[in-house]
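Peer 1: Here is what each chain is made of, one letter per residue.
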Amino acid sequence: MSITPTVKAILANYESDNPGVKTNLARILMQGRLGGTGKLIILPVDQGFEHGPARSFSVNPDAYDPHYHYQLAIDAGLSAYAAPLGPLEAGAATFAGQIPTILKVNSSNSWATSIDQAVTGTVDDALRLGCAAIGFTIYPGSDNIFEMMEEIREMSAEAKAVGIATVIWSYPRGGNLSKDGELALDVGAYAAHMATLLGAHIIKVKLPSANIEQKEAKAMYEGSDWSAQADRVRHVVQSCFAGRRIVVFSGGAAKGADAVYQDARDIRDGGGNGSIIGRNTFQRPRDEALAMLDKLVGIYKGED
Amino acid sequence: MSITPTVKAILANYESDNPGVKTNLARILMQGRLGGTGKLIILPVDQGFEHGPARSFSVNPDAYDPHYHYQLAIDAGLSAYAAPLGPLEAGAATFAGQIPTILKVNSSNSWATSIDQAVTGTVDDALRLGCAAIGFTIYPGSDNIFEMMEEIREMSAEAKAVGIATVIWSYPRGGNLSKDGELALDVGAYAAHMATLLGAHIIKVKLPSANIEQKEAKAMYEGSDWSAQADRVRHVVQSCFAGRRIVVFSGGAAKGADAVYQDARDIRDGGGNGSIIGRNTFQRPRDEALAMLDKLVGIYKGED
Amino acid sequence: MSITPTVKAILANYESDNPGVKTNLARILMQGRLGGTGKLIILPVDQGFEHGPARSFSVNPDAYDPHYHYQLAIDAGLSAYAAPLGPLEAGAATFAGQIPTILKVNSSNSWATSIDQAVTGTVDDALRLGCAAIGFTIYPGSDNIFEMMEEIREMSAEAKAVGIATVIWSYPRGGNLSKDGELALDVGAYAAHMATLLGAHIIKVKLPSANIEQKEAKAMYEGSDWSAQADRVRHVVQSCFAGRRIVVFSGGAAKGADAVYQDARDIRDGGGNGSIIGRNTFQRPRDEALAMLDKLVGIYKGED
Amino acid sequence: MSITPTVKAILANYESDNPGVKTNLARILMQGRLGGTGKLIILPVDQGFEHGPARSFSVNPDAYDPHYHYQLAIDAGLSAYAAPLGPLEAGAATFAGQIPTILKVNSSNSWATSIDQAVTGTVDDALRLGCAAIGFTIYPGSDNIFEMMEEIREMSAEAKAVGIATVIWSYPRGGNLSKDGELALDVGAYAAHMATLLGAHIIKVKLPSANIEQKEAKAMYEGSDWSAQADRVRHVVQSCFAGRRIVVFSGGAAKGADAVYQDARDIRDGGGNGSIIGRNTFQRPRDEALAMLDKLVGIYKGED
Amino acid sequence: MSITPTVKAILANYESDNPGVKTNLARILMQGRLGGTGKLIILPVDQGFEHGPARSFSVNPDAYDPHYHYQLAIDAGLSAYAAPLGPLEAGAATFAGQIPTILKVNSSNSWATSIDQAVTGTVDDALRLGCAAIGFTIYPGSDNIFEMMEEIREMSAEAKAVGIATVIWSYPRGGNLSKDGELALDVGAYAAHMATLLGAHIIKVKLPSANIEQKEAKAMYEGSDWSAQADRVRHVVQSCFAGRRIVVFSGGAAKGADAVYQDARDIRDGGGNGSIIGRNTFQRPRDEALAMLDKLVGIYKGED
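Residue numbers (my numbering), protein chains in the order written: chain A, 2 to 305; chain B, 2 to 305; chain C, 2 to 305; chain D, 2 to 305; chain E, 2 to 305.
Just so you know, the hints here were simulated from the structure itself, not pulled from any lab data. Among the hints, erroneous ones may be present.
In this list, chains with the same sequence are indistinguishable; a pair is considered to hold if it fits within one copy or across any two.
To be verified - With a Cα cut of at most 30 Å, we get these calculated DSS-like pairs of lysine-lysine:
{"no.": "1", "residue 1": "Lys23", "residue 2": "Lys296"}
{"no.": "2", "residue 1": "Lys216", "residue 2": "Lys9"}
{"no.": "3", "residue 1": "Lys296", "residue 2": "Lys180"}
{"no.": "4", "residue 1": "Lys180", "residue 2": "Lys9"}
{"no.": "5", "residue 1": "Lys9", "residue 2": "Lys23"}
{"no.": "6", "residue 1": "Lys180", "residue 2": "Lys216"}
{"no.": "7", "residue 1": "Lys161", "residue 2": "Lys23"}
It should be emphasised that the depicted structure is a prediction, and the values quoted were computed from it without experimental measurement.
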């Protein structure tokens, strides 16, 4: 499988990385139906940690089985499958070599009493499970952000040395941020930028609203029209080294299919690299999920 | 890319290996034009170490450039490319993600005064260069065989822990073995068996002759007709845990194309998994080499 | 399954060992049809390393498959199965929990030019493969004996710390020992004693002849009648801390069934703990092998 | 490039440092248009971490790209470029060997709920990225100052052993310090002194006001006229081992060009070694920034 | 100092190396009067080890002082200075930052009783002394070549991780090589190739004669005219990954100035990257040496 010029150009931006990391990034970028386009769709299934099994899977009970998600990601032609340690251990041998996996190495849960996550996986786990990348969540704004940053700094250095890529989920939360502010444009761009500064290869953030949260930042956003989501995406991508890093956006809570499609079009039109889409797929019946993912692939290919 | 039942069955034989190793074996087995068939062709380019650059490359000067071999292996749709440290360092970024690589971690040369090799690469090198496997030569029969076995035991254990597969080149040589004996059937089967006992995932041996070298073994081979090469291949495969391990055969010195094709047919008919074919390809002009490899792929696919 | 008083008494002799080692010794002693009797039969399959595959398996080709030996040992109700790394890797998952395994961690071969073995497995391998013990060969008398002793000292210490038992194969060979002397009574007793002194939990030696090899030892053996094999066994057992250590005897090359049975009766009557019996079983057709092992079990149970 | 006597004299003050550290200090002091003068201008771009991307770069959108800053520093003939991990990873290969870099190894952000920073880079990162120095911020006065000091003590020791220089940003903040007090002369001199005591090779502080914050220190400053900024600079330099350490001053928030020039003249006249100037350059259009830096170089050369 | 396109193109060939290594290679390639041309002249002073002080320095007693050589290399505008541990320790602080240094980490001497070298420096030494590279000699052909290769494999891996480049001196010697054969074209090309395969960044060999030493290689060289030294250089460069690696040639024993100049022209015309020239300079009076080096610089610049 020859790398496309588009993917070659993306890989060239990771100029300090060893060929091992580039190989794993290439595996993700050349995988599935979007392989070679520079776009990607990742299936993340860590909602069991975040919200518990019933809230995550009872609407589609097949999804209690980790194999279900592997198979869904493969059958839909997605780029990668991301999950915590347990689910990858439960399927990594069966699906070895079929889809790149991302080991989510920290996790929170609904009952957490601090805005933080536990480190629940390691780079050694990623190696023995054949993963292409580790995934790590930071909560900029929280009281624990410095510690979280130090955790990923250490894990990411270890991962880079052994050829494993790093994906950072950057979710502003806690501290003085308002609830609305977590999704504000300035906040989202800043959160994405911090992940980039920390050395992430792939940055994962939420689609931002048109709100501006920070008083000191209002001036910089005034005078521009931020009502179009594609423009907001473009600003986030710009905030990730002017497009030198891969940026993917999460779909958030399950919602109507049309909204999901419009999000993807906006990500595409704003220059984002793709979607991390979990609940909106595995909480639908498999046929519907496959149809939705098929349509999303089409959108990222520019066919829709 | 879904694993085929054939490849799934092969992977199932590696029942003690972690998913990382299985993932890398799957990458090799699903790569290129033979992907999914359970057959494989590997391009090895360590002849520069063994015989020097002029004897290896002067007949086809483009082959002095390590990129040439990467591109040849990719364009021919091969399963993997094997080389020492230097050539992989010289191309691993350019060709990241395009073909699985095998880091040859020990090497000899024409001027060696002992039957041994130097360890010239490490598992860490394999990780940073994004390799799927390490390759190691043992010389059963030589005075240094115990030390060589201990070297690969250590490196292989390290590799298995981090999801890197192990290929052992098993070449009888030295000690009390006669020159003819190095290629004898009983010797080749024994050498292959030793590599298997050492825990190799892929065993690489030479195609054996019909000679029987060991006095004590003659009785076991008498009464059978070993004149057909396919039968000899079958015996070597049997000696590798009755087919539970992947066995590939080397073509030896450059020779006529028809002989190369017949070798491949015999390997295929005897149940071997494929060829490691170096000099017979890169010492031909690229067009001829591609034509030859195309024909070999066809043979392994059973079309010829 | 409750430990029998007989086994409890044996375990009590290992008074410095941690409960992990005792647990693994108990697993062997409580396994199979001899479970609880204090007697044991171990199936060792490392002849492929020692003599090559054809000399080992061609007489019974099913035996090329490592699974064959696992199944034979299980179906015959034996106490443990011993083999090098490769064969255990090839079956350890399939047969997990069905029979205790002993990882043979060093190995020689027919072409060796020194009286030595290569270390081909590790305690880490034993742990990841779920083995109950490691097995190690020493060649008292050889030029390499000190190095071999140091190797097992190191590995055994590591094994004991993690609850893995140690079996030492003690085979006098090389140096100034005559060929006949290798089997002499004084030599066999001395070799067994050295293994015991090295801290082996289980000592494995050959059945000794009535010869006395060492000039200096002749006086001590004169005046006694050593013509009965059971008496010679008793002397070897006595040399292993007066029965405080488990001693098993090998049957040597394949031979007539009656000779095998008589050996077992002598081992039993001389107070030996059992047999390690390889070629005499797997080189027979499976039915014959099972019948022979059934009879041996009966002998050790005192029924024959 | 021969070291000038001025630079030689500066290097001689670092009498306990190994030649590796001296080499890296020399690289900074011999670089660019001020090379050899003993003066230096460093471009620091960590404002993205501190204030977010929009507040840092939206006024000059080219500056979203990390390459922009490398190129600006090179084209302006500056002495070094300082940034966090991500931006250096994004440009270190492209600009290898063109300008000394300083890896900022800790970072805060606008949403921090404590006066502290996260350690976001390591000495190993500095080595693999070819950096001349690490940069570290301490907040004397904050509740976390002891921990911050211990972090830099550890990193600095590691850096010194491998020939990497240490730059400490010393910013009084938190605890009982008043907001005005953070810039007070006594406080700035004390903060600079603490960095010096911690073993920094280069000390970076803010230009102090004429305020005196500490009751206990007022007596020592009374009777002198501190209205001239150059005198205040001289006092800070004096506080850094009487000029035995390199001291550079930050320009603070973006402001009028004339103020920037006057600051530089005062730093020069007070015996300071130069400026760390970020926002005042990259937040201006590139042409204006180059013109400003050209003028600053002239000032430090005594031509203006 | 902006990298020239020529140097950028050379650096791009080191595609697996981290920016630290690239930075140090760039430092060498941008240093001195040949900076930016892709050509380089290195001053090596390890003859004291090889031949003793009197044979090395008595003809020009100033050269007993290590500072003499630093100053000579700087004043002549050379690219780098290479020496063992002691001389670099004696001058690294005085000349910090003035010229890239190469720590020769192994050394032989006139009284050696084996064809081998002692490892006399480490990567840690290179870091604390501010060196750009380590230098290591291998003796292909010698009985100790495998051990030497294993030494540099280990040191080079360590060096690459911390951004230090590797120079390999490859000198065929010992074993079955004839004395004339050491300089034979086929032997020199093979030796250079081995250094390249081992992962050297810079390969240093002797200028080869037109002899062909190896029987098996004669056919490959027949039919071409190897009488022109430039053609022989071209073949050696070709043997180093077709020009993807920097190759420099040593001048050998002190000889007439015209011969030295002609060598340089041939190196240049054959596509070599430059000279390592020791005895031919420091064994001449300083003025003569500077004049000679000036002329050599001119030759490499194509002016002569």
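Peer 1: Hint by hint, note whether the structure agrees.
Peer 2: The hints, checked one at a time:
no.	hint	verdict
1	Lys23 / Lys296	within (29 Å within a copy, 32 Å between copies)
2	Lys216 / Lys9	neither (40 Å within a copy, 45 Å between copies)
3	Lys296 / Lys180	neither (32 Å within a copy, 47 Å between copies)
4	Lys180 / Lys9	neither (40 Å within a copy, 49 Å between copies)
5	Lys9 / Lys23	both (10 Å within a copy, 21 Å between copies)
6	Lys180 / Lys216	both (15 Å within a copy, 20 Å between copies)
7	Lys161 / Lys23	both (10 Å within a copy, 18 Å between copies)
Hints 2, 3, 4, counting from the list given before, are not met by this structure.
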